[in-house]
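Student: Residue numbers (my numbering), protein chains in the order written: chain P, 1239 to 1421; chain R, 3 to 195.
Just so you know, these hints were derived from the structure itself, not from any lab. Check each hint, because a few of them may be wrong.
[Claimed, not checked] So the derived label-pair ranges between C-beta atoms look like this:
| # | chain 1 | residue 1 | chain 2 | residue 2 | range |
| --- | --- | --- | --- | --- | --- |
| 1 | R | Glu7 | P | Asn1320 | 39 to 45 Å |
| 2 | P | Asp1385 | R | Arg20 | 44 to 50 Å |
| 3 | R | Glu8 | P | Asn1400 | 49 to 55 Å |
| 4 | P | Asp1368 | R | Arg4 | 24 to 30 Å |
| 5 | R | Cys35 | P | Glu1263 | 39 to 45 Å |
| 6 | R | Ile41 | P | Asp1399 | 56 to 62 Å |
Only a predicted model underlies this, so the values are computations on that prediction, with no experimental measurement involved. Built from N, CA and C at the ideal position, the CB exists for glycine as well.
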Amino acid sequence: MDNGASSYRRFLDGDESAFDEIMKELFDNLVFFIDRYVHDIHAAEDIAIDAFSDLVVNKHRYNFKVTLKTYLFMLGRSRALNYIKHRKVIDFMELTEADKASTEQETLEEIVLADERKRVVNDALNSLSDDMRVVVHLIYFEDLSYDEAAKVMKKNRKQVDNLLYRAKKELRIILGKDGELLL
Amino acid sequence: MRNFEERKAEVFRRSENRIKERKRNRNRILAICIPLCLILTVWSVTILPAMLPAGMDNAEQENAFDGALGNTESFESVVIMGSNKLGTQTETITDSDRVTAIHCAILDLYNAVNAGTSVEDSDTQKGELKDEDFAMGNSSAKVEYTICFTTVDGSEIRFVLNNNELRNENNDNRIQLSQEQLKEFLEFLELTD
């Protein structure tokens, strides 16, 4: 499994259908990941679209040294942080819209977290700090390796180890002993 | 949330916009930089030379002397004072051609000695002056001359010829002349011992 690298190569060679495969495989996961940062599903979708458009505009920036998924998540994270930085005011929305956003979020969760166990862990993640939440998401939900997660978060392997250790410790408290088994 | 086709269309729409924006920015930069370069070129070719100080063109620069040896054109006169077996001599030369010629002769000696060659072709192979060439020669009398150039602004550049050694008193730059060079130089100065 090369997480989209071979599809991207085909896209660079001119096969537009390869880009469809990449989007189908990675788009929802990316939105879900970005939502961990921005807590706004519509903004997360927007940011994910921008990240994918980076793949189209800057075709040769990806050097295949990491998986395409890792690269895309790196792009998504940096755009998400930029969005948070420039978001000056809290957006108010109508209650009906909030309901809709909440429903869409749940739908996305159902798509990405087909596994019931993952849903349980996902619910518990909200009580963790941002970094811990992100590292658990990357390693547990997205199946990235520790090194890949470190690249996405722009940290070193040791820092990722520490974050994950602390996250599990806290989840143990939240979920109880049975919950630990879910990880 | 958008469906798959909408997302894909949005990705390509934004990509196209970004590519167009990039091209537009590139054209804008070229539109500014190219005229700027042209203006700079025209300015440096036409206006800048006029702003530079007058006088020193390339030919003059090539002939310009080391500052300590002086600029030939600025000399007003030269006084040659000396003592040899014939006694003490003082000669003041104000003829500009002669002053120039004497100064050039001194510079030629410095250049020749620094380059390691003799001033003119002689029986001795160029660059291979022997020790006896630097010897005093038959004359046992000491040769000492002071050659003092006076510039138009009143400053002086003094050279002292002491036997085989020619020394610039202003910067203590010394050279050793061969017998051949010394003889030719004294003949040139019309100061044979």
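Student: Are Asp1385 (chain P) and Arg20 (chain R) spaced within 44 to 50 Å by their CB atoms?
Tutor: The hint (44 to 50 Å, Cβ to Cβ) is violated, given that Asp1385 (chain P) and Arg20 (chain R) are roughly 31 Å apart.
Student: Starting from the range 49 to 55 Å, see whether the pair Glu8 (chain R) and Asn1400 (chain P) falls in it by beta-carbon distance.
Tutor: Between Glu8 (chain R) and Asn1400 (chain P), where Cβ atoms are some 41 Å apart, the hint is violated.
Student: Could one say that the CB atoms of Cys35 (chain R) and Glu1263 (chain P) fall in the range 39 to 45 Å?
Tutor: Holds, at about 43 Å.
Student: For the hint 24 to 30 Å, verify it against the beta carbon of Asp1368 (chain P) and that of Arg4 (chain R).
Tutor: This hint holds: roughly 27 Å between Cβ atoms.
Student: Lying within 39 to 45 Å: is that true of the beta-carbon distance Glu7 (chain R) to Asn1320 (chain P)?
Tutor: 27 Å, violated
Student: With respect to the beta-carbon atoms only, verify the hint that Ile41 (chain R) and Asp1399 (chain P) lie 56 to 62 Å apart.
Tutor: Holds, since Ile41 (chain R) and Asp1399 (chain P) (Cβ atoms, about 59 Å apart) stay within the stated range.
In this structure, the hints that do not hold are numbers 1, 2 and 3, in rising order.
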